Amino acid sequence: MTPADEAATSEIKLLFRRRPEEAQARFISTGHNVEWQKSAAGRAVKIAAHNLAYCNPFENMTTAYQSIVQAIELRDSKDMNQIKYFLDKACETNDASYLLRAYTAETDFYRRLNIRSAQLNARRGHPDPNLYLKEWSLAYNAQLIKDPTFQRFHWTGKTYRGMIITEFELQLYNRVGNGIVNHAFLSTSKDREVALSFASSPSPGEISVICVYTITQDWSALDIEKISEYPEEREVLIVPNMHFRITKFTKGNPIEVELQEENMQEAMNEMGYLGFTDALTKDY
1 MTPADEAATS EIKLLFRRRP EEAQARFIST GHNVEWQKSA AGRAVKIAAH NLAYCNPFEN
61 MTTAYQSIVQ AIELRDSKDM NQIKYFLDKA CETNDASYLL RAYTAETDFY RRLNIRSAQL
121 NARRGHPDPN LYLKEWSLAY NAQLIKDPTF QRFHWTGKTY RGMIITEFEL QLYNRVGNGI
181 VNHAFLSTSK DREVALSFAS SPSPGEISVI CVYTITQDWS ALDIEKISEY PEEREVLIVP
241 NMHFRITKFT KGNPIEVELQ EENMQEAMNE MGYLGFTDAL TKDY
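Using UniProt numbering, read the sequence shown as starting at 1 and increasing by one per residue.
Hints were generated in silico from the structure; no laboratory data involved. Since the structure is predicted, the reported quantities are computational estimates derived from the model, not experimental observations. Treat the hints with caution; some may be incorrect.
30 Å max Cα-Cα, derived BS3-like pairs, lysine-lysine [what the hints assert, rightly or not]:
(1) 46 - 89
(2) 158 - 190
(3) 134 - 190
(4) 158 - 78
(5) 190 - 248
(6) 84 - 158
(7) 226 - 89
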């Protein structure tokens, strides 16, 4: 059953009418600053591994509701009533998958979550108990990674995302062997043509790029096609703090960049954190 099937009122159903420009904003990057960081000297990888290892999910769905509703970043969101619908359903059913459904809705929630995630994930690296216990965006990220509820969405394979960037920004991607870490969720598509359609109209001075991600750790990407109101988009959601290596750069229109996922479990093990896989068997 899709989120629209769950919707009980016409007000809620309105949020599922995604306009083309909204879909484009979800599936393309228009600048690397929010989403990416070059992993110079391995520091970005260590920060990402730290965030993956030590961020914890919400204690329960009631805590999730309270943390998200009270988040400063969301207080002026005009879409909060729509997000509360999904949070209410999560509490009523004790089903964490409604948190993922909230992300798929075309509201401010996913945009503000990604901005907040990028801000925090880019600079973390040392334990801060107060932040890790109270920060809603980090708990949300951890929920989708560590909660066994989401195992049915786990996915591996090739997926695609468009970028519209400047010549200067392209320098981060035109060197085979460079490592890149994403600080926010990335909406990608299993269908190359979908990604191409969203990245086909750059403005003067900008370049179209198609990124091809090879996902090898199933917990690092979620196949949300079956719960999306837009199954034709064939969306796969890559979670924050994943490390990719550029393996191929091909000039053309668009330029194509191939990225291979690196093993983040090994990076966490090197930090002395051995319990990530075990966390997938816990009940939250």
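Against the structure, the hints:
1. 46 - 89: 36 Å, violated
2. 158 - 190: Holds: residue 158 and residue 190 sit about 7 Å apart, inside 30 Å.
3. 134 - 190: 34 Å, violated
4. 158 - 78: The given pair, whose Cα atoms are some 35 Å apart, is violated under the 30 Å limit.
5. 190 - 248: The hint holds at about 19 Å.
6. 84 - 158: 34 Å, violated
7. 226 - 89: Measuring from Cα to Cα gives roughly 18 Å; hence the hint holds.
Hint check: violations occur at hints 1, 3, 4, 6; the rest are consistent with the structure.
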